[in-house]
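Novice: So the chains spell out like this:
2 protein chains.
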Amino acid sequence: MSSSPLFAGIELGGTKCVAILARVPDEIVARETVPTTSPEETLGALERILTRWKLEHGYSALGIASFGPVELDPESTNYGSITSTPKPGWRNADVFQRLRQAACVPAKFDTDVNGAALAEIRWGSGQGFADFAYITVGTGVGVGLIVNGLPTRGFAHCELGHIRVARLPGDAFPGSCPYHGDCVEGLAAGPSLKARVGPRLPQLQHDDPVWESVAWAIAQLCHAIVCAAAPRAIAIGGGVVENQLHLLDRVERMLAKSLNGYMQLPPGSPYIRFPALGANAGPLGAVALAMDAPK
Amino acid sequence: MSSSPLFAGIELGGTKCVAILARVPDEIVARETVPTTSPEETLGALERILTRWKLEHGYSALGIASFGPVELDPESTNYGSITSTPKPGWRNADVFQRLRQAACVPAKFDTDVNGAALAEIRWGSGQGFADFAYITVGTGVGVGLIVNGLPTRGFAHCELGHIRVARLPGDAFPGSCPYHGDCVEGLAAGPSLKARVGPRLPQLQHDDPVWESVAWAIAQLCHAIVCAAAPRAIAIGGGVVENQLHLLDRVERMLAKSLNGYMQLPPGSPYIRFPALGANAGPLGAVALAMDAPK
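Keeping their order, the protein sequence lines are chains A and B.
Once you know that position 91 of the first sequence is 136 in my numbering, the rest is easy, because the numbers rise by one and skip nothing.
Once you know that position 1 of the second sequence is 46 in my numbering, the rest is easy, because the numbers rise by one and skip nothing.
A few of these clues could be false.
The list treats identical chains as interchangeable, and a pair is accepted whether it falls inside one copy or across any two copies.
Stated by the list, open to error - Result set (DSSO-like, lysine-lysine): computed pairs, CA atoms no more than 30 angstroms apart in a straight line:
1) K132 <-> K239
2) K302 <-> K239
3) K132 <-> K302
4) K61 <-> K302
5) K61 <-> K239
6) K61 <-> K340
7) K99 <-> K340
8) K61 <-> K99
Simulated from the structure, these hints should not be mistaken for laboratory data.
Isolated chain A (complex conformation) (with noise of 0.2 angstroms):
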């Protein structure tokens, strides 16, 4: 048995919560999940779960990796709120304050994109990277974007699922993301998917035209990250893409035909590939933020 410390790590989702306590680098010692319904039901549960692995095995970080958008202004009063989502009951709910005095332990909060990207350089796709993309195409589109080994955090967490990018030549669908349209998110997350193609949608091939616009909506998409920070690779993982490899395919070379040569992207490939932690992306994020979490 190892001597390495324990982190814990809670992973907030729009319909569930996964608690991991992990010896890292791989051994997970327990794992609970845990609804998401009422912030009061919903966190009570996960202080307990993190009050009871106090007492059982103790830990020496919390991380917490949550659905957005989320206040991580440390200036602002609000600071590891949820901010504006449309989930009932959580808009302005106090995530960390709350668990972080369950657990205390130093803790670090964080959006769920940015623990995984973190997490993708730590054991996945991104390793050794100080600049590195993690993109979730699902029922949106979120990103977690490693500068120079940090994520990108001014007045607010990156946000580029919700950039306008140009259109796909005879595209015109007019987009599903109720506050901008067509922004990447409106143009390729899943509920843009399911007004595309309506009935359609679960016998979608691979040939299916609608692909074409999904993927030219991600690869815009990865241009402006390309362009903003030049990552050293970008993983692309959510539902939407799980199991699509011909898309991630398409991605890339829409991506290198956009970019036309100005900017060339680093040899070997692919530059576009899945995250490699699967499932356990999202968990193992909040456990990457544990152990990022100031002493």
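Given the structure of chain A, go ahead and fit chain B onto it with the hints provided.
Specialist: Same frame as chain A, but now just chain B:
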């Protein structure tokens, strides 16, 4: 007379280079200008200036802020060279090694816009900010993006002027970028403005409809910058925007409208501002780099 250390800075521009010797924060001890002709001639003249200043004054570090694109990947054998410029003779010109050897002091090399961004953070419109962006709209569109106090730098430096953005409805101008057509540079830089208005250029009024197209492209660029790194403010300079206060106002309004409440710009305005260092941003950028040179 102050006893604080002297720094040498070289701004490498497309038409001229400025060498500056400064005692920070604000005493300029010497300043010389060299026309940008061939690398041999121009770099030779700069080497002689650096050698002479070394003997006459001494200086503790050298900063070089160069037009781009430049190779900044420390793993590349071309580190410190100009890369894909159309400027005759300058492709692959090794700028950094030559000037560093002439100066024989710790030295730092970066793009002109990253240097200007760092100078604005030290002495100008971004004082105290760890996250800040500097945009120049002139012959091209250059962006210096500072994240957590450092310029973005993966396998390349920031090239956000070359992202492809949503078009202003009704604006069918094909764009003037030889690589990307209607990227931001192709829509908003000097050559595009000239191509759009032709002989009207010298008499352009503030209410000329062309400004709507220029402001739109810059606002979309700012939208992407905000989503990528949420800088505390964005400074915009360069020949196209100089003295066009109406343009910056318009960009800020369009940016807020484009974000549509999903992200709120920080209170205290303007968020979009002129650089405070004006024409000195370039050479002072080189001095800011010198101050960050590794010992």
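Novice: Run every hint past the structure and note whether it holds.
Specialist: Hint check results:
Taking the closest pair of Cα atoms, K132 and K239 come within 30 angstroms of each other only inside a single copy of the chain (21 angstroms); across copies the shortest separation is 49 angstroms, beyond that limit. For the identical chains of this complex, K302 and K239 are neighbours both inside a copy (27 angstroms) and across copies (27 angstroms), given an alpha-carbon limit of 30 angstroms. Taking identical chains as interchangeable, the C-alpha atoms of K132 and K302 lie at most 30 angstroms apart only when they sit on different chains, with a minimum of 24 angstroms there against 39 angstroms within one chain. When the C-alpha separation of K61 and K302 is checked against a cutoff of 30 angstroms, the pair qualifies neither within a copy, at 39 angstroms, nor between copies, at 34 angstroms.
Taking CA atoms no more than 30 angstroms apart as the test, K61 paired with K239 passes inside one copy only; the shortest distance there is 22 angstroms, against 55 angstroms between copies. For the homomeric pair K61 and K340, the shortest alpha-carbon distance inside one copy (29 angstroms) is at most 30 angstroms, but the shortest distance between copies (50 angstroms) is not. In the homo-oligomer, the alpha carbons of K99 and K340 lie at most 30 angstroms apart inside one protomer (17 angstroms), although the nearest pairing across protomers, at 45 angstroms, exceeds that limit. Taking identical chains as interchangeable, the C-alpha atoms of K61 and K99 lie at most 30 angstroms apart only when both belong to the same chain, with a minimum of 22 angstroms there against 65 angstroms between chains.
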